[in-house]
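The listed protein sequences derive, respectively, from chains D and C. Residue 77 in our numbering is what sits at position 77 of the first sequence, and the numbering runs on without skipping anything. Residue 169 in our numbering is what sits at position 169 of the second sequence, and the numbering runs on without skipping anything.
Please note that a few of the clues may not be correct.
Stated by the list, open to error - For lysine-lysine, the following DSSO-like pairs were computed, each having C-alpha atoms within a straight-line distance of at most 27 Å:
no.: 1; chain 1: C; residue 1: K314; chain 2: C; residue 2: K120
no.: 2; chain 1: D; residue 1: K18; chain 2: C; residue 2: K323
no.: 3; chain 1: C; residue 1: K357; chain 2: D; residue 2: K23
no.: 4; chain 1: C; residue 1: K272; chain 2: C; residue 2: K314
no.: 5; chain 1: C; residue 1: K272; chain 2: C; residue 2: K323
no.: 6; chain 1: D; residue 1: K18; chain 2: D; residue 2: K51
no.: 7; chain 1: C; residue 1: K416; chain 2: C; residue 2: K323
no.: 8; chain 1: C; residue 1: K416; chain 2: D; residue 2: K18
no.: 9; chain 1: D; residue 1: K181; chain 2: D; residue 2: K131
no.: 10; chain 1: C; residue 1: K416; chain 2: D; residue 2: K51
no.: 11; chain 1: D; residue 1: K51; chain 2: C; residue 2: K357
no.: 12; chain 1: C; residue 1: K323; chain 2: C; residue 2: K376
no.: 13; chain 1: C; residue 1: K416; chain 2: D; residue 2: K23
no.: 14; chain 1: C; residue 1: K357; chain 2: C; residue 2: K376
no.: 15; chain 1: D; residue 1: K51; chain 2: D; residue 2: K62
no.: 16; chain 1: C; residue 1: K272; chain 2: C; residue 2: K351
no.: 17; chain 1: D; residue 1: K51; chain 2: C; residue 2: K385
As the list claims (entries may be wrong) - Okay, the calculated beta carbon distance ranges per label pair:
no.: 18; chain 1: C; residue 1: D338; chain 2: D; residue 2: K110; range: 41 to 51 Å
no.: 19; chain 1: C; residue 1: S337; chain 2: D; residue 2: K111; range: 12 to 22 Å
no.: 20; chain 1: D; residue 1: P38; chain 2: C; residue 2: P409; range: 53 to 63 Å
no.: 21; chain 1: D; residue 1: I105; chain 2: C; residue 2: K385; range: 52 to 62 Å
What the hints assert, rightly or not - Covered by chain C, per the in silico footprint, the following chain D stretches (three or more residues, Cβ under 8 Å):
no.: 22; region: 47-57
no.: 23; region: 99-110
Hints listed in this document are in silico derivations from the structure and should not be mistaken for laboratory results. Remember, predicted model here, so these are calculated numbers, not experimental data. Note that the Cβ used here is the ideal one computed from N, Cα and C, for glycine as well.
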Amino acid sequence: MVGYRHHQRKKTGDEMQKVGDFKLPHFFNYPPYFTLQPVRDTREKQVQLWKELILDYCRSQKIFIIGLDEDFPLFTNPVIERTLSHEAREVFLSALVSEGRAEWIDKGHKKCLILWLRIQDWADCILNFVKENGFEDGVMTVEEIRSGIESRGTELAGIDRTVLMRALRLLEQKGKATIFKGTSADDEGVKFSA
Amino acid sequence: MAGKWLPSVHLTGSGRPVFLPGEVESFLLSSVDLESEENPTLPPFKSGLLILTTHRFIWIDESNGYGVAIPLASVVHAFPPKKSIKSMFSSPRVRIQINGHGLGVGFGSTVMITLVLRGKNDPEAFFGRVWDAMRSRAWENEAEKPGPSDSKAGGGGGDALSSGIRMAGVSGILRKEQEMWESTDKSLQEAFQDLNALMSKAKEMVTLAEKMRQKLLSGPTQAAGPNDEEMGSKQEMQDWLLSVGIVSPVTKESAGALYHQQLARQLADFVKVPLERAGGMIALIDVYCLFNRARGTELISPEDLLQACALWEKFDVPVMLRKFDSGVMVIQNKAHSDEEVFARLKTLVLKPDALRKGISPSDAAMTLGIAPALAKEHLLTAESKGLLCRDISPEGFRFYINLFQDVDPNDIYTVKDHGLFSSWFSAITASG
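Full structure from sequences and hints, please.
Structure follows, in structure tokens:
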């Protein structure tokens with residue numbers, strides 16, 4: 001029996017559906033996952049599973065903004081031919097917003113900023129980065145943090161500019177960084193003081 | 001049994017009397033006592049429901065579920081309620097003189113029985129109906145006729161009713177007396193006669209409806225229908241109709257304030273058979289159609305039906321009204337349990353095919369043997385209990401076993417080795 005179970009698990013691992021290099025959970029092929037469930041307990045569980053999946057996916061793919069009316073790979077499953085309704089998309093993203101894991105960018109709820117790390121977590125992440133690379137009391141441009149050699153392979157690579165600025169401002173409030181404003185956005189600089 | 005000095009009548013499960021062939025109710029009174037004035041040793045029948053029919057006085061004790069009857073055939077004379085100063089302060093009394101031999105309980109040649117009308121009702125109107133019933137002698141018509149279908153061949157039921165007045169013997173003299181009494185208000189009498197004509201016609205209409213029903217039943221067997229399934233359901237419908245003809249419909253006119261109570265009891269008796277066939281639950285709208293078709297004439301309104309069903313709570317009947325969240329109303333056996341339905345739905349939804357594709361209301365309807373609309377209500381109830389969940393797509397509205405509770409949100413990728421989720425997963429992977 002043990003051998004059989006082991007075999008089965010291996011097999012399921014092989015067949016796991018993917019979007020790009022992202023492995024999808026098995027319930028992605030469960031049709032009711034794509035219909036907004038009306039019963040409260042069931043809906044709560046469904047919303048929870050969607051929140052986990054959206055955060056996991058965005059983090060692995062470094063996606064910061066989801067447009068509700070745009071094609072988003074998670075919202076459609078061509079294998080079972082199911083697509084989330086607009087209402088369902090808004091419900092799942094709103095659930096993230098209410099937990100502080102996302103923010104609506106516009107009043108019309110057309111675009112949503114996904115915070116798979118909260119601003120506070122991003123700020124901690126920047127401080128770690130600064131310490132590891134010995135940038136204490138040094139000066140960096142904002143662009144260097146986003147796409148410099150040092151940030152390659154870290155969580156900070158490719159970070160959304162708005163998210164980065166908010167994390168930096170949080171550090172500034174705490175007296176751990178100073179932002180220098182240049183004439184254009186490109187030459188904004190940061191001085192860290194650890 | 002010593003107390004029951006009158007012949008008892010058979011009652012249905014919900015407390016309605018079982019009528020004789022051709023017997024029709026004509027008046028109902030609540031809170032009526034039956035007493036024997038001459039023989040006070042006979043215990044009186046206290047505070048029961050009195051039903052005057054074309055054939056009998058039926059007295060029913062609703063709380064204890066028994067009843068007695070006095071055949072009109074044995075009534076020699078009926079005395080109207082007295083009008084005097086004294087009677088203004090006591091309950092009206094109608095006295096009837098009965099041929100004791102007709103009762104067959106060892107009475108003398110004649111017995112006086114007093115009906116004490118304690119309820120708020122119209123004794124004059126009641127007495128009028130008693131006279132009408134005695135005069136039309138419907139029990140004799142029944143005895144002469146071999147069967148109801150021969151009434152047309154007999155040369156008009158209406159004539160037979162009016163010619164039933166015979167002018168011989170003591171009863172003939174009494175009837176003459178009664179005619180004199182009636183002539184005191186001629187215009188009123190004419191009005192009554194119109195009503196009588198209408199009532200005798202109503203009976204003909206019932207006979208006609210019965211005939212048509214029989215024709216309908218024999219029709220489809222000869223004609224080859226294009227759609228076998230439709231034919232089947234038609235025949236089933238006629239089966240139902242045939243099995244549940246209602247001979248004496250409770251009407252607003254006959255029952256007055258008691259109308260809905262009596263209707264509720266009659267309805268409870270009526271729904272037994274269709275309810276059994278429908279598997280313990282039947283849509284209210286279906287009952288409405290079946291019930292009115294069984295009545296033939298004296299149709300009831302949807303509002304009456306609803307009120308009658310609402311009264312079931314007060315009676316000890318085996319059926320109940322149920323309203324689904326969607327607003328759909330059904331009648332169901334009290335013994336009917338949702339758990340049983342859920343268990344069957346669960347078995348259905350766990351079949352490998354259903355795990356992959358879900359089930360539609362019509363799939364459930366076929367398994368449960370009920371109407372798709374009702375099946376959908378069951379599915380929605382099961383959904384609200386968390387057993388099922390829905391899938392809406394261009395292919396339609398389908399239900400799946402609820403797997404949401406079976407996934408650990410902290411580990412969304414692992415399939416547990418047992419449980420619902422793993423059976424679903426083996427089903428979808430087995431299909432390739």
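Each hint tested on the structure:
Using a Cα cut-off of 27 Å, the hinted pair K314/C and K120/C holds, with the two alpha carbons roughly 21 Å apart. Under the criterion of a C-alpha separation no larger than 27 Å, the hint pairing K18/D with K323/C is inconsistent with the structure, at around 46 Å. The straight-line distance between the Cα atoms of K357/C and K23/D is roughly 23 Å, inside the 27 Å bound, and the hint therefore holds. Distance check on the hinted pair: K272/C and K314/C sit about 18 Å apart at the alpha-carbon level, within 27 Å; holds.
At roughly 19 Å between alpha-carbon atoms, K272/C and K323/C fall within 27 Å of each other, so this suggested pair holds. Proximity of K18/D to K51/D is assessed by CA-CA distance (about 18 Å); at most 27 Å being required, the pair is judged to hold. Restraint check for K416/C and K323/C: not satisfied, since their Cα atoms lie roughly 39 Å apart, outside the 27 Å limit. Note on K416/C and K18/D: the hinted pairing holds, with a Cα-Cα distance of about 20 Å set against a maximum of 27 Å.
A threshold of 27 Å between alpha carbons decides the hint, and for K181/D with K131/D the separation of about 23 Å falls inside it, so the pair holds. A hinted pair counts as satisfied when its Cα atoms are at most 27 Å apart, and K416/C with K51/D qualifies at roughly 21 Å. Pair hint K51/D plus K357/C holds up; C-alpha atoms about 25 Å apart against a cutoff of 27 Å. At most 27 Å may separate the alpha-carbon atoms for a hinted pair to count; K323/C and K376/C meet this at roughly 14 Å.
Simply put, K416/C and K23/D have alpha-carbon atoms about 18 Å apart, close enough for the 27 Å limit, and the pair holds. Our distance criterion of 27 Å between C-alpha atoms is met by K357/C and K376/C, whose separation comes to about 17 Å. Note on K51/D and K62/D: the hinted pairing holds, with a Cα-Cα distance of about 16 Å set against a maximum of 27 Å. Taken as a hint, the K272/C and K351/C pair is broken in the structure, with Cα atoms around 33 Å apart against an allowance of 27 Å.
Restraint check for K51/D and K385/C: the C-alpha separation of about 24 Å stays at or below 27 Å, so the hint holds. Range check, D338/C to K110/D: Cβ separation about 44 Å, and the 41 to 51 Å hint holds. With their beta carbons about 51 Å apart, S337/C and K111/D fall outside the hinted range of 12 to 22 Å. Taking 53 to 63 Å as the suggested C-beta distance range, the pair P38/D and P409/C does not conform, at roughly 20 Å.
Taking the beta carbon of each, I105/D and K385/C are about 40 Å apart, not inside 52 to 62 Å as hinted. Proximity of the region 47-57 of chain D to chain C, defined as three or more residues with a beta carbon under 8 Å from a beta carbon of that chain, is established by the 5 residues found. With 0 residues bearing a CB less than 8 Å from a CB of chain C, the region 99-110 of chain D misses the requirement of three and the coverage assertion fails.
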